[in-house]
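Enquirer: Taken in order, these protein sequences are the chains called W and U.
Mind the numbering: the first sequence is residues -14 to 278 in my numbering, read in order.
Mind the numbering: the second sequence is residues 770 to 1030 in my numbering, read in order.
The set of hints was computed from the structure by calculation and includes no laboratory data.
One should not assume that every hint holds.
Footprint (simulated), chain U over chain W, 3 or more residues, beta carbon under 8 Å [said to hold, decoys possible]: (1) 7 to 15; (2) 92 to 101; (3) 130 to 140; (4) 159 to 165; (5) 235 to 249.
Cβ atoms here follow ideal geometry from the backbone N, Cα and C, with glycine treated the same way.
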Amino acid sequence: MITGARFYRLLLCPFLILYILLVFIPLLGLIQKSLVKERTVEIELFHPSKLPSLEWTFKNYGTLLFHSYYRKSTLNTLIVASIAVLLVIIFGTPIAYLLARPGMAGKRILEWIFSLPMFLSGVVACYALFIVMSRQGLLTILASSLLGKPVRLTRTFSAIIIGTVYIILPMFIRTVHPGFKRINPELCEASYSLGASEFYTFLKIVLPLALPSLVAGTILSFTYVMGLVVVALILGPTPVQFSILPLEVLEKARGLDLNIPLASAMGAVLLVIALAGQAIAEKILRHFYGGVQ
Amino acid sequence: MSRVSFFRIVLLMLASLTAVFICVPLAMLIVQSISPNPVLWPKTFTLKWYRMQGSTIIPAVITSISISFPATLLAVVTSLPLGRALVRYDFRGKYLIRWIIALPIITPGVSLGLAYLQLANTSFLRGVHPWVMLVAVHTVLVFPYTARSILAGYEMCNFILEEASATLGARPVQTYFKVVLPILVPFILAGAVVGFARSMNDFIITMFLVQPDFIPLSIQIYRSTSYGTPPLTSALATILLLFSVTFALIAEYTLRRVGGQ
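Please model the entire structure based on the sequences and the hints provided.
Expert: See below:
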């Protein structure tokens, strides 16, 4: 048995083997595939004999950048993410603040409810929303009577937004919550004793102090939505009418119009966006609060 | 402090409305799965959709568990040595490893799924049963959750206890199983529950890897949205919802125990 200071190397082995085989190699394969022309579904990286005959190209990324259809999908992805995240900030920030305040009745139940969607499958959440938005659904009936005319919700842009908000709201609250929790309650007490209202205190003292965590939560939610596909798949219009990047990956990888290299290029772009978002968010949290939470 | 301000009332209303927004669709899903015909609120209830779906529900649940359970177990077994290495030893690259652990969570589902599709189609893996591939992939999906929780567990372990055990003549292996592991149990459980839920709920990555004769519950729900009658889909979705609620309850309970110690 190996003992002593070097023992950690042995302890690290299972983790390293798992991640090298099932995280690094597949993602490397994805990037390799995005740089070639061959449309077969396999990673040439594993077949050194095939490597010399490969046609390397940046054309897949060129298509993404310059083809009007993919520009449109990229734009759609950004629009969905921006609107959904904006709504989540508006609703999520006050809720996170409320949950971080001490001694509130029913807090535990509210906390449990807001954590529920994290244990929920995206498919179940979206299908539940699909029912509420269907012709006989509660939301459709409510919206119709409010607007005074029949409303169609499923397979629309609004349905994608509602579904996305449903899924990312708990994530946002969870990321932002520690930022509010950290604020010293005595600061608020001092503000109250000087005659400020709770709302004024929230605006002038609490929000500025919680700002870094709000920014981090916003970035994380935004990049998460960029890769989210299940909402558009179940609640959204058909890809022909309204396409977003992650949906396009699925179409090009499994649909009739197979184009694995192009799908890989989109997958690689989404991967880089997600990694960059995570890195920036973590940097902000570490800079202002010290340490990863 | 209990100041009842106008602002506080607005906040409470906002929070309650959002809670309703989260709960009502789920409640309607359950109602729809036990109603004889698709109306907003039925007068009688029935279990006929579950009976009709029996031949789909049961194999799908079994398939899901046959993937998620071994994957969670494997993730716990690989997380235990990693946690010990990170907490007990000093070496370069520790921070990097903590970052790498989170990769399967950070990477978008479509990117990871597409990468696995290509891996599964690479010649030497082409003959492998989808179960093997899915268990392997789900181990990676569960790993960040078990690793994170177990790391927190090791950080709570007092090194002095181990030293005491050693001075009393216990061998390192004995100390590990008799002293360290029992302290870790609630953390292992907490991580495993969240990881198991993540694995069972996974849709997009599994979607890239499923074969027609081996379909887990989450994929079965999606398939039945495109060609099933709505109540049948609701019945399937309700089953997965019940699993999720159970996981959320267990997680709440174990986390409270962990926090209370």
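Enquirer: So, for every hint listed, does it hold in this structure?
Expert: Structure-based check of each hint:
1. 7 to 15: Check passed, 7 qualifying residues.
2. 92 to 101: holds (count 6)
3. 130 to 140: Per the Cβ count (0), the hint is violated.
4. 159 to 165: violated (count 0)
5. 235 to 249: With 6 residues in contact (Cβ-Cβ under 8 Å with chain U), the coverage given for the segment 235 to 249 of chain W holds.
Violated hints, listed in ascending order, are 3 and 4; each of the other numbered hints is respected by the structure.
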